[in-house]
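Start from the sequences and build out the full structure, keeping to the hints where you can.
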Amino acid sequence: MKNLEDLPRLTGPEELEALKTRILPRIAIRKDPNAKPYNDITHHVMICCDTGCASSGSRDLVAAFKEELAVRNMDKSVEIVVIGCHGFCEMGPLLVVYPDDIYYIRLRPHDVGEIIDETIINHRPVPKLLYHDRESMRPIVRYNEIEFYAKQNRILLANCGHINPEDVEEYIAYDGYKALAKALAKRDDAESLLDEVKKSGLRGRGGGGFPTGRKWELCRQAQGDKKYIICNADEGDPGAFMDRSLMEGDPHRLLEGMIIGGLIIGAQEGYIYVRAEYPIAVRRLQNAIAQAEAMGFLGQNILGTDFSFNIWLKEGAGAFVCGEETALIQSIEGKRGMPTSRPPFPAVSGLWGKPTNNNNVETWANIPGIILNGGDWFASYGTEKSKGTKVFALTGKIRNTGLAEVSMGMTMREIIYDIGGGIQNNKQFKAVQIGGPSGGCLPESMIDRPVDYDSLIEAGAMMGSGGLVVVDEDTCMVALAEFFLSFTRDESCGKCTPCREGTTRMLNILNNITKGKGKAGDIELLEELARNIKLSALCGLGQTSPNPILSTLTYFREEYKAHIYEKRCPAHHCVDLITYWIDVDRCIGCGVCRKKCPVQAIDGSPKKAHTIDISKCIKCGACIGACRKNRAIFKK
Amino acid sequence: MSVISPQSSSIDLIKLEPIFETYKKVVRGSLIPVLQAAQETYGYLPSTVLEAIAKRMSVPISQIYGVVTFYAQFRLLPRGKHVIRTCQGTACHVRNSSLILETLKSNLGVTPGGTTADQQFTLETVACLGACSLAPVMMVDNEAHGRLRPERIPEILAKYRS
Chain E
1241 MKNLEDLPRL
1251 TGPEELEALK
1261 TRILPRIAIR
1271 KDPNAKPYND
1281 ITHHVMICCD
1291 TGCASSGSRD
1301 LVAAFKEELA
1311 VRNMDKSVEI
1321 VVIGCHGFCE
1331 MGPLLVVYPD
1341 DIYYIRLRPH
1351 DVGEIIDETI
1361 INHRPVPKLL
1371 YHDRESMRPI
1381 VRYNEIEFYA
1391 KQNRILLANC
1401 GHINPEDVEE
1411 YIAYDGYKAL
1421 AKALAKRDDA
1431 ESLLDEVKKS
1441 GLRGRGGGGF
1451 PTGRKWELCR
1461 QAQGDKKYII
1471 CNADEGDPGA
1481 FMDRSLMEGD
1491 PHRLLEGMII
1501 GGLIIGAQEG
1511 YIYVRAEYPI
1521 AVRRLQNAIA
1531 QAEAMGFLGQ
1541 NILGTDFSFN
1551 IWLKEGAGAF
1561 VCGEETALIQ
1571 SIEGKRGMPT
1581 SRPPFPAVSG
1591 LWGKPTNNNN
1601 VETWANIPGI
1611 ILNGGDWFAS
1621 YGTEKSKGTK
1631 VFALTGKIRN
1641 TGLAEVSMGM
1651 TMREIIYDIG
1661 GGIQNNKQFK
1671 AVQIGGPSGG
1681 CLPESMIDRP
1691 VDYDSLIEAG
1701 AMMGSGGLVV
1711 VDEDTCMVAL
1721 AEFFLSFTRD
1731 ESCGKCTPCR
1741 EGTTRMLNIL
1751 NNITKGKGKA
1761 GDIELLEELA
1771 RNIKLSALCG
1781 LGQTSPNPIL
1791 STLTYFREEY
1801 KAHIYEKRCP
1811 AHHCVDLITY
1821 WIDVDRCIGC
1831 GVCRKKCPVQ
1841 AIDGSPKKAH
1851 TIDISKCIKC
1861 GACIGACRKN
1871 RAIFKK
Chain U
38 MSVISPQSSS
48 IDLIKLEPIF
58 ETYKKVVRGS
68 LIPVLQAAQE
78 TYGYLPSTVL
88 EAIAKRMSVP
98 ISQIYGVVTF
108 YAQFRLLPRG
118 KHVIRTCQGT
128 ACHVRNSSLI
138 LETLKSNLGV
148 TPGGTTADQQ
158 FTLETVACLG
168 ACSLAPVMMV
178 DNEAHGRLRP
188 ERIPEILAKY
198 RS
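Chains as they are written, first to last, in this note's numbering: chain E, 1241 to 1876; chain U, 38 to 199.
Everything labelled a hint here was simulated from the structure, so no lab data went into it.
Even for Gly, the Cβ is constructed at its ideal location relative to N, Cα and C.
Covered by chain U, according to a simulated footprint, are these stretches of chain E (three or more residues, beta-carbon under 8 Å):
1. 1472 to 1479
2. 1560 to 1574
3. 1637 to 1647
4. 1854 to 1863
Dropping the structure here:
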């Protein structure tokens, strides 16, 4: 990877093509197993170091590889490439060895020697470190043959996990900035570029699903001496991390999308508003912006034309409501991030009173593909009204957690069972929560419908940013609604009364229900409050805050009733409605539970039945886990 | 107002100068980045620092206090040696993060926002760390600990205690 000052400044599309031709041999062994080594480098070891894999220990793996290669004097022939998210976070830390294209999972530093001996020296896989198919238990060498990847359609995440995100030249080798060159050639006819975006049918990936082309047209037509574009990278929906992975794994794609957007809309400056909780994404973006400026993709006279555009990075300071575009604008201006009423819409009067267009990371990152391959290409994926692909974050009680990009219109069942591998620990599927705190829960009966913007709204949920949290029989749906309400109550900015007071009131009622203090009429009161808040709150956060309650009331009303009328939590989750017991006939007094209890609530002498001190017990369940063999501890 | 903190008298305001220098060129909207940089320097935002920022940037202290108390990131009180941020996101919730928080609370003897008497740990909650595939997760300083179970908490804390 080159230093900033060594990067060439490009002054035209021909220079970009020429540079690409020069770079291609460097990465040839990743595309063709028989390619010639470049500069005597015979192998590339690609190690994922984004947030997920890093917390599973991938940085230790990088260090171990470097050390071992140096000891064996192989560090000149094997290149360690730090990559972004491969998507299969459950199996991290993971790596791919080229040219053999072998995919290893859940590695520890002590596995490094064996990979060097077998794979790098002898070109053979190490079977015990490969992914094993869940049903046949057969080891799988190539990642795209794994069930998790087989049904995906990775057109947006194409580079994620395949290029070094800190090296702009690798992005260029994979056709990076080619769309920008194409757009610049047509800059006198920006209308035709806008037509491609419209034709693609792309809709906002941040939640609302507003047609991107139409949104851009409004801002393009607005009067103003200066215009701004904003990338909303304040990915606040708990359970969603696709924007983080995109920024960490392929930051230049986002920049390229924004530069093209600036060109079409007629903006001179763009802001990326990114969460401070994503330190790796912030660093990668800073690096990418510096590289793009050095090479002439950003700044004055981009690629030798008269088009100039700058991108600034703004770090958020931790406020969910800043995902709402008017609040986000307030925050960029240095104020409390409180939404303002519309009209005026940001397209007319946004940042510092100027026409402003705001899209999220995934939307912007889709633009280079659309410009390069045409709107029709993008529209060939997906359903009639929802085009293209969508990245979903699979989390919760699902086997294969991670990121999956699929064509719109795939059924939820395929996503959860074919890609996600079904429910952990052979438990029973109960619901899937989609759309974050503004979304809803879908039960088993709804998961065979094709997933797109409109079908989800019909079912009482919404696309949101695409976080899918799968829950099983052990999850209490009332407690889940309570969880979301406590989130929106905390994150309510307090400006309008329906949201500030309404979420608090709804949360109080839910707190009572889960504590066994619910009473007749609570359900009806919740529904009345929910309807009123939906109608009267100022911004999207407030208006959608009742959705988790409404959807659980629609599909899981019986659970509410069990809590209220029978003082019973059917999922055995709500701690005020359950107690832990030790069955004296089964307990053999082994003492394992006593040692595992984090609050010393279990007492007893060896080989005699133990007891639980109910006043100390925090009902954490550690003892049940410890007593799996004898099953002497239970909750009721 | 809780702005007044005991350490205020020993704060070295000279350290603010490079921050003002960096953001001098940014004409508008630099209040939040300045506050972020100041917190990075001092670990929290003492009242004397807020007053100095107000004076230099010609922004009323009331407005600064409004911004500081709006965003979760800003802290008006000093923190312990290690900061524990336990994730309260959806994915963590359905994998029983509430038990992780309960275990932390009973082990440390503090509630979220609080610092232990020996100044070793500050306990905080965070809406989502974006490491949902490793749920339930907590960060101690900059190190993420994933796939937590309540019984693992005491050993993890012991590693940081000095």
